[in-house]
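Asks: Could you use the hints to bring the two separately framed chains together as a complex?
Line by line, the protein sequences are chains F and H.
According to my numbering, the first sequence is numbered sequentially starting from 1.
According to my numbering, the second sequence is numbered sequentially starting from 1.
Among these hints, one or two may not hold up.
Stated by the list, open to error - From the derived model, a few chain F residues whose C-beta atoms are all more than 10 Å from chain H:
{"no.": "1", "residue": "Gly34"}
{"no.": "2", "residue": "Pro69"}
{"no.": "3", "residue": "Ala72"}
{"no.": "4", "residue": "Leu87"}
{"no.": "5", "residue": "Leu152"}
{"no.": "6", "residue": "Ile154"}
{"no.": "7", "residue": "Ala178"}
{"no.": "8", "residue": "Phe221"}
{"no.": "9", "residue": "Cys293"}
{"no.": "10", "residue": "Leu294"}
{"no.": "11", "residue": "Leu304"}
Stated by the list, open to error - Cβ-to-Cβ under 10 Å is the rule here; a few derived chain F residues that face chain H:
{"no.": "12", "residue": "Ala101"}
{"no.": "13", "residue": "Ile102"}
{"no.": "14", "residue": "His166"}
{"no.": "15", "residue": "Ser170"}
{"no.": "16", "residue": "Trp172"}
{"no.": "17", "residue": "Gly173"}
{"no.": "18", "residue": "Glu181"}
{"no.": "19", "residue": "Asp182"}
{"no.": "20", "residue": "Asn192"}
{"no.": "21", "residue": "Arg248"}
{"no.": "22", "residue": "His313"}
{"no.": "23", "residue": "Ile314"}
Since the hints were derived computationally from the structure, they do not count as laboratory data.
Glycine residues also receive a C-beta, built at the ideal position from the N, C-alpha and C atoms.
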Amino acid sequence: MILDLLAYGAFFLTMALTYAIMCLGLNVQWGQTGLFNVGIAGFVAIGAYASALLTTPETAGRIGGFGLPIAAGWFGGALVAGVVAYLIGALTIRLRADYLAIATFGVAVAVQLCVLNLEALTGGAFGIGFIPRPFAELAGNPLAFGLSNAGLLIAVVALLYMALEHLVRSPWGRVLRAIREDEAAAQALGKNPTRFRLQAFTIGGAIMGLAGAAQAHFIGFIAPDNYMPILTFQVWAMLIVGGSGNNRGAILGAVLVWGIWASSAAAVSTFFAPEQQARAASLQIVMIGVGLCLILLLRPRGILGEVRNVSRHIRKIMKSDDAELASRFLSKD
Amino acid sequence: MQSVADEKHDTASINRSPVIDARRLVKRFGGITAVAGISLVLQQGEMIGLIGPNGAGKTTLFNLIAGSLKPSSGEIWISGREVSQERPELRIARGVGRTFQIPRPFAEMTVLENVLTGAQEQDGERLFANFFNPGRVAGQERAAIDKARSLLSFVTLSGLENEPARVLSGGQRKLLELARILMADPAAILLDEPAAGVNPALLETIMERVLELHAQGKSILLIEHNMDMISRLCSRVMAMASGRHLAEGTPDEVATNPAVIEAYLGGAA
Ligand SMILES: Nc1ncnc2c1ncn2[C@@H]1O[C@H](COP(=O)(O)OP(=O)(O)OP(=O)(O)O)[C@@H](O)[C@H]1O
Ligand SMILES: [Mg+2]
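The shape of chain H in the complex, shown without the other chains (with noise of 0.2 Å):
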């Protein structure tokens, strides 16, 4: 895992524009404007923090850059490259991973075989090869196995890989979700609240695994309302309400900016 993520980061070092470039984004849902103009730039190996009051559009936004919902306007680059209107199923391919605000296992389908689902490129997963090239195929799923088990020591469930998803704790299925989203390799990672309803005990897990995913030199993307976390792990935040731009800057900043105060405290959603 570590040549792979050196090897992103060399080719980064080449490739100068920004992994994720959102400009002006709208989304109207109806009579509710969710997100209303908002332009965000990650760049390559930056890891940013979005804050925001319940009902901001944080989540809005992340569906619009995942693909799984089309602006209303606006525009998103990945990597150079324009993809506004491409099917949600592309994104990968383009190198952007994302978790969900409400995690998402295949609840009947064992942890390992959930990671397994991330793995791309798999002759397997064509109709014909299953027959024809069988022995490409075993091969192929034996190196994928061995992945995704190394990623599930990493997000600690090793032992759980036999059981049904469904079994989880709230805060281990952010870490498998994180898991699953880690065998495609992405360039750079949504992750919507991992930290929500999580115990402090994997809490301090989930930070010290996104911390070392941002050391590999992963582009991360953060929704998170504890901002102890936010603190912890981002250098640069931005604060959105009503689906407004509110602030940027460092998280102290942030913090103290009377606009993002008052957001909070005045329920302006």
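Next comes chain F alone, as it looks inside the complex (with noise of 0.2 Å):
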């Protein structure tokens, strides 16, 4: 009893990392630039796609199947919606906002098409299957496995943190956060918002492409139907919840949030019959609703507000200088 729940926590964590995962690459995007990407499903499907063809066997009937390592196709993933958000990016940022918004729902909505329509690509509508999977040799043991995998994940993220976390306290950072509270005054002092805004659109595209791959190798199993606007709608919550701006609130949200979402899936399989359960499914979509209108009354900024980030070449001489004040004043004494 205790290793099926171990292990389905395992599962549960594993799911919601690689939500936690799109949800760094919008808080580049939204929290870190203010830049609106509506389009987040679109971007993490890519990633999937572009992975499962290069690592996947080859297959009759389907283009792709390259067969390549697991950690090429991650790559790869991330580097194709990287590409693909950088021309987006090219064609809009520099007009007013809301073009950027309308383009980022245009990719969204032409990706899904495309995934459906180029079957001998994609599959179509049903997909593409046995996408390799990490550690699938533990498969056998479903506990080694799903620890194996959220280690995995785990390891990711925190990796992602660190260089995120690197890039907001580094001078680009602090351009990026001049930029959003002053355009003008920042381009006084020389800065092109132009350019800043596009890389931190491309590197949030690459890291949802990123988490598309990683979340269809760890399912083994992709189709259209997993990158609606829904996807787009959640990662939103996710950010929102936890606190845009903010790395690790941006964590923390993909985790409530997939708990949230998990939990009212399994209340909705308890307590409706199986007939109804279809439209009941509905009910989890206005549960994430309720909860982000509670966060919003409660805390506008999320859990975890944006903390005011100071360079870390900053803080190391303000360290010092604490210990020299600190050692003058012992020295009177």
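Replies: So this is what it looks like as structure tokens:
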């Protein structure tokens, strides 16, 4: 019983962390830069399909299937999603902010349609199966398999978190913040807003692609239904609940909202007769909506709001100043 | 800082073209012509005052020179180069820095970080350098912090370096903007009403600092309504009204010019 619970916990955490990656990507775009992406599902799908095509074995009647290692698939997924984000950004970021929103929505719809109709490449509505899973050799032992995957995802999220925090506290992150606070003032200081926004949008898109790839390999099977607008809504809810502008908040929000989602799914299947379950599933969206409203009323900036990030270089110097002060103070008596 | 200013002075004697040379600038907003054919030359090391009643077009002229607005016609030359159509973020590299009539600090960033944002050519502002060349980034950042701190002490804000900029008073914000732009070592500085709404004690500080910058060899263009300040600081003044050139000369000449008095009294704007 306990082992079952542990295995389920590992499964839950792994899923939640794939959403945490998406949420970290959105945080770079929206939380740090103020870029409104309503096509998250599209970038996630691009990453998932790119990685699936790169890593699945050759299949009769389907193009792709290069049988590459999983790591190559994840990298490729992030790369392709990043390139698409760069192209969309290059076309629309210098225009008014709402154009980017419309363009990203367009991407999501276009990706959805492509995935559905390019059957030779994507398997159409049936999707792609037999995507190699990390630690597949442990599949006989659900607990070991679950824990290994959870461990892998924890490592990926931790690495990503550290890299993103490194950037937030760098001069690059400072310019991003300056542009967000006052574009005209930043321009007067020689900062090119388009360049920095485009970089942030590209990084965010690549991270979403990585999340899509990781999720596809964990589930082992992808289909167009996984990448509906509801996914975009979920990731936004996660970021708002956790705290936009805060990388830890993005991770926390993903785990919490995924928890609400998963437990409401369990509740639906317990309390409703099978023939009503499909309709009752929309209650899950209501649950998320209610949670979102509560957070916005109680903690408008999310559970962990944005912190005032100071460049790590300054913090180092402040620390040594403090030490100096302290030693002067101590030597007095 | 002194040595940097000296260097600028030396190149000034070699390069004879004016720092700023605005030629017949026109700026229209729909039906309004805010700037109607203004020419203005700022020589190396010169400090010029720009006066005129509200709505005269002074700030619009600044925005044209600083690149945040594109002229409807006319040309802007900076140190012998035509820059009329360049993007605003390139101006600072050409040597022109500006402050805003209503100060625009980065409110949620600390005072020190505000000033650091003015640093130019920082490797740390390039994405990959932060990962692949962290030693160099850290070194440059340390140097920038030292410079930013000495500028903060120059503008008497040292004690506030770790406060968010939003806590500063109006006058302190003007000083912060000055420090932020000095971080980039511009040859020319455009100051838009540095004295407006500033308490008398701070006003004295601001005036002293502007004089000191002038003594260091900076070229300065100063918009100001305070005639006292203008006559203390500038040897040459240009007056404009309704987008047009009105008078030019020493502060006394301009202040007693009938057309200027008429513009201020008659509200010609
Ligand atoms: N972005 C804009 N769009 C439309 N009209 C503008 C714009 N900027 C300025 N104006 C108009 O141009 C004219 C000149 O304005 P400007 O701000 O340059 O005057 P000013 O001399 O700086 O005045 P003040 O002393 O009050 O600061 C005014 O009539 C103003 O309403
Ligand atoms: Mg003005």
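Asks: Hint by hint, say whether it matches the structure.
Replies: Consistency of the hints with the structure:
With a minimum CB-CB distance of about 13 Å to chain H, glycine 34/F clears the 10 Å threshold, and the non-interface call stands. At roughly 23 Å from the closest C-beta of chain H, the C-beta of proline 69/F stays outside 10 Å, upholding its exclusion from the interface. In this structure alanine 72/F is separated from chain H by more than 10 Å, as the shortest Cβ-Cβ distance comes to about 21 Å. The claim that leucine 87/F is not at the interface with chain H holds, since no C-beta of that chain comes within 10 Å of its own (minimum 18 Å).
Every CB of chain H is more than 10 Å from the CB of leucine 152/F (nearest about 22 Å), matching its label as outside the interface. At the 10 Å boundary, the C-beta of isoleucine 154/F stays outside the reach of chain H, the nearest C-beta of that chain being 22 Å off. With 10 Å as the threshold on Cβ separation, the claim that alanine 178/F sits away from chain H is violated: the shortest Cβ distance comes to roughly 5 Å. Look at phenylalanine 221/F: its CB is around 35 Å from the nearest CB on chain H, clear of 10 Å, so calling it non-interface holds up.
Every CB of chain H lies more than 10 Å from the CB of cysteine 293/F, the least distance being 26 Å, so the non-interface label holds. Against the 10 Å criterion, leucine 294/F stays outside the reach of chain H, whose nearest CB is about 26 Å from its own CB. Chain H leaves leucine 304/F outside its interface by the beta-carbon criterion, the shortest separation being 16 Å against a cut-off of 10 Å. At its closest, the beta carbon of alanine 101/F sits 24 Å from a beta carbon of chain H; the interface hint therefore is violated under the 10 Å criterion.
Because the beta carbon of isoleucine 102/F sits about 25 Å from the nearest beta carbon in chain H, more than 10 Å, this interface hint is broken. Taking 10 Å as the C-beta cut-off, the interface hint given for histidine 166/F holds, the closest approach to chain H being about 6 Å. Interface restraint check for serine 170/F: the shortest CB-CB distance to chain H comes to about 5 Å, inside 10 Å, so the restraint holds. This hint holds: tryptophan 172/F has a C-beta 5 Å from the nearest C-beta of chain H, less than the 10 Å allowed.
About 9 Å separates the beta-carbon of glycine 173/F from the nearest beta-carbon of chain H, less than 10 Å, and the hint is met. About 4 Å separates the beta-carbon of glutamate 181/F from the nearest beta-carbon of chain H, less than 10 Å, and the hint is met. About 5 Å separates the beta-carbon of aspartate 182/F from the nearest beta-carbon of chain H, less than 10 Å, and the hint is met. The closest approach between the C-beta of asparagine 192/F and any C-beta of chain H is roughly 5 Å, which is under the 10 Å cut-off, so the hint is satisfied.
Proximity of arginine 248/F to chain H is violated relative to the hint, the smallest CB-CB distance being about 18 Å (cut-off 10 Å). Checking histidine 313/F against chain H: minimum C-beta separation of about 4 Å stays under 10 Å; hint holds. Satisfaction of the interface hint for isoleucine 314/F is found here, the shortest Cβ-Cβ separation to chain H being roughly 6 Å, below the 10 Å cut-off.
In this structure, the earlier hints numbered 7, 12, 13, 21 are contradicted, and the remaining ones agree with it.
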